[in-house]
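If you want the building blocks of each chain, they are given just below.
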Amino acid sequence: MHGLTAVRQETAASAAVFGLPGFHFRLVSEDWELEDRFRLVFGELEGEAGLASNPHVYEVVCPSDATRTVLFDGEPIVEVVPLSSAFAFLEWHVTRHCLQHTDDGIALHAGAVERDGRAILLSGSSGSGKTTIALSLLSRGAHYLSDEAVFVSSDGRVRGLPRALALKAGRSHWIDLPFGGHRDATTHCEADGTTYVAPRALGFEVVGRRVEPGAVVLLQRTETEAGLSRLTAGEAFLPLLQQVFSNEPHEDILATVSSLLRRAPVYRLSGSDIVETTSLVEGLFETPTL
Amino acid sequence: MTLKKRADIRVWEVEGEAIMYDPASGMGHVLNPTALRIWSMCDGRPEREIQAALGRDFPESKETIHRDVTGAIKQFKELGLLECMA
Chain A
6 MHGLTAVRQE TAASAAVFGL PGFHFRLVSE DWELEDRFRL VFGELEGEAG
56 LASNPHVYEV VCPSDATRTV LFDGEPIVEV VPLSSAFAFL EWHVTRHCLQ
106 HTDDGIALHA GAVERDGRAI LLSGSSGSGK TTIALSLLSR GAHYLSDEAV
156 FVSSDGRVRG LPRALALKAG RSHWIDLPFG GHRDATTHCE ADGTTYVAPR
206 ALGFEVVGRR VEPGAVVLLQ RTETEAGLSR LTAGEAFLPL LQQVFSNEPH
256 EDILATVSSL LRRAPVYRLS GSDIVETTSL VEGLFETPTL
Chain B
4 MTLKKRADIR VWEVEGEAIM YDPASGMGHV LNPTALRIWS MCDGRPEREI
54 QAALGRDFPE SKETIHRDVT GAIKQFKELG LLECMA
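Protein chains in written order, with the working numbering: chain A, 6 to 295; chain B, 4 to 89.
Hints may contain errors.
[To be verified] So the derived label-pair ranges between C-beta atoms look like this:
hint, chain 1, residue 1, chain 2, residue 2, range
1, A, Arg145, B, Lys7, 50 to 56 Å
2, A, Asp108, B, Met30, 44 to 50 Å
3, A, Ser284, B, Lys80, 44 to 50 Å
4, A, Asp257, B, Glu81, 25 to 31 Å
5, A, Gly288, B, Lys7, 43 to 49 Å
6, B, Ala10, A, His106, 42 to 48 Å
7, B, Thr5, A, Glu80, 54 to 60 Å
[Unchecked claim] Covered stretches of chain B, as calculated for chain A (at least 3 residues, CB under 8 Å):
hint, segment
8, 7-18
9, 25-38
[As the list claims (entries may be wrong)] Far from chain B, some chain A residues (derived; all Cβ distances over 12 Å):
hint, residue
10, Asp36
11, Pro60
12, Glu64
13, His102
14, Phe250
15, Ser264
16, Arg267
17, Arg273
18, Glu291
For the record, the hints were derived by calculation from the structure and aren't laboratory data.
The beta-carbon is built from N, C-alpha and C at its ideal position, and this holds for glycine as well.
Isolated chain A (complex conformation):
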């Protein structure tokens, strides 16, 4: 292992390449651990790399053991310590860049899983349970689109931002995962209180293509019994708009949200029991409206 490390240190900075439709990033780093974490978190995107001709380049340099400076397309954007903060910053920056600069419709703050060609979107603010319910549905055989954001095209169909599952410390991610508690650098990494889990490494299938939305579920964590109620388009519109990554209700955004509402019924999910709430959401795969 030491030999491998020594060889790596003797070489010049390495480069990881990752991308998704419309995006293409290179990470050039003197820090192998950081690069390995990036491969884990955004590795799902590597198959799509090369779709954009001019990649954005992140460079991470290490002025000292404790310091990491990050440049984006040649411009320094942050100097951070320690490593975990550098990684958390990079993960945030890449995600934000994709959400703000997508030309693949609008970006919606929602996790999503798929079964039989139909996606269920799990929309809600941070801490509302997107990752927990997505993970629970994956363990019941659904396929993974994203636990953070989906891109909704003008015709209302959706594509996930396919990065690793991000399990925040202190949240109720107590689902039994198929790896049976095994953890290593190929399946997990931790940074700033978040554990990133590669879905493919856990045996979950990742869906990178655009799919039909089957239902949208607005997550509302409550102490009441689990319940699912159908919303009218008018009731659903504003809560959905609040989850769009944009501050302005531009005409294109409204038209796209309208397309999504035409394609998929919207439900509000209440409750906090993960088994009960997951069962309710899973039942939507079976409804004739899907």
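Using the hints, position chain B against chain A.
Below, chain B alone, put in the same frame as chain A:
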């Protein structure tokens, strides 16, 4: 006074309700089925004709209709969504 929708207002109907966008103000609005029905009749006819048309469709709700039409049109006007012609 006759009431007419501004031509540049965009409306997307979804299951009997609608989402409206006003490019001049950059604001979006949601119309419930009643408001959408009233909006669709703002085609240059006077308010009393809109009330009469709805009253024919829903004769059992005349009092409610009067309140709904007056309230909706007041809101449309306040939001600047109508061209009002004498």
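Results of checking the hints against the structure:
1. Distance hint check for Arg145 of chain A and Lys7 of chain B: the Cβ-Cβ separation is about 54 Å, which falls inside the suggested range of 50 to 56 Å.
2. With their beta carbons about 25 Å apart, Asp108 of chain A and Met30 of chain B fall outside the hinted range of 44 to 50 Å.
3. The beta-carbon spacing between Ser284 of chain A and Lys80 of chain B, approximately 49 Å, falls within the hinted interval of 44 to 50 Å.
4. Between Asp257 of chain A and Glu81 of chain B the C-beta distance comes to about 26 Å, which sits within the given range of 25 to 31 Å.
5. Remark: the range hint 43 to 49 Å for Gly288 of chain A to Lys7 of chain B is upheld by a beta-carbon distance near 47 Å.
6. A beta carbon spacing of about 33 Å between Ala10 of chain B and His106 of chain A contradicts the range 42 to 48 Å that was offered as a hint.
7. The beta-carbon spacing between Thr5 of chain B and Glu80 of chain A, approximately 58 Å, falls within the hinted interval of 54 to 60 Å.
8. With a threshold of 8 Å between beta carbons, the proposed coverage of the segment 7-18 of chain B by chain A holds, since 4 of its residues qualify and at least three are required.
9. Evaluation of the coverage hint for the segment 25-38 of chain B: fulfilled, as 7 residues show C-beta separations to chain A shorter than 8 Å, against a requirement of three.
10. For Asp36 of chain A, the non-interface assignment is confirmed: its Cβ lies about 44 Å from the closest Cβ of chain B, beyond the 12 Å cut-off.
11. At the 12 Å boundary, the C-beta of Pro60 of chain A stays outside the reach of chain B, the nearest C-beta of that chain being 34 Å off.
12. With a minimum CB-CB distance of about 38 Å to chain B, Glu64 of chain A clears the 12 Å threshold, and the non-interface call stands.
13. Every C-beta of chain B lies more than 12 Å from that of His102 of chain A, the closest at about 25 Å, which supports listing it as non-interface.
14. Every beta carbon of chain B lies more than 12 Å from that of Phe250 of chain A, the smallest distance being close to 16 Å; the non-interface claim holds.
15. In this structure Ser264 of chain A is not separated from chain B by more than 12 Å, as the shortest Cβ-Cβ distance comes to only about 8 Å.
16. Its beta-carbon lying about 6 Å from the closest one in chain B, Arg267 of chain A breaks the requirement of being farther than 12 Å from that chain.
17. Against chain B, the non-interface label of Arg273 of chain A holds: every CB pair exceeds 12 Å, the least being about 16 Å.
18. Every CB of chain B lies more than 12 Å from the CB of Glu291 of chain A, the least distance being 22 Å, so the non-interface label holds.
In summary, the numbered hints that this structure violates are 2, 6, 15 and 16.
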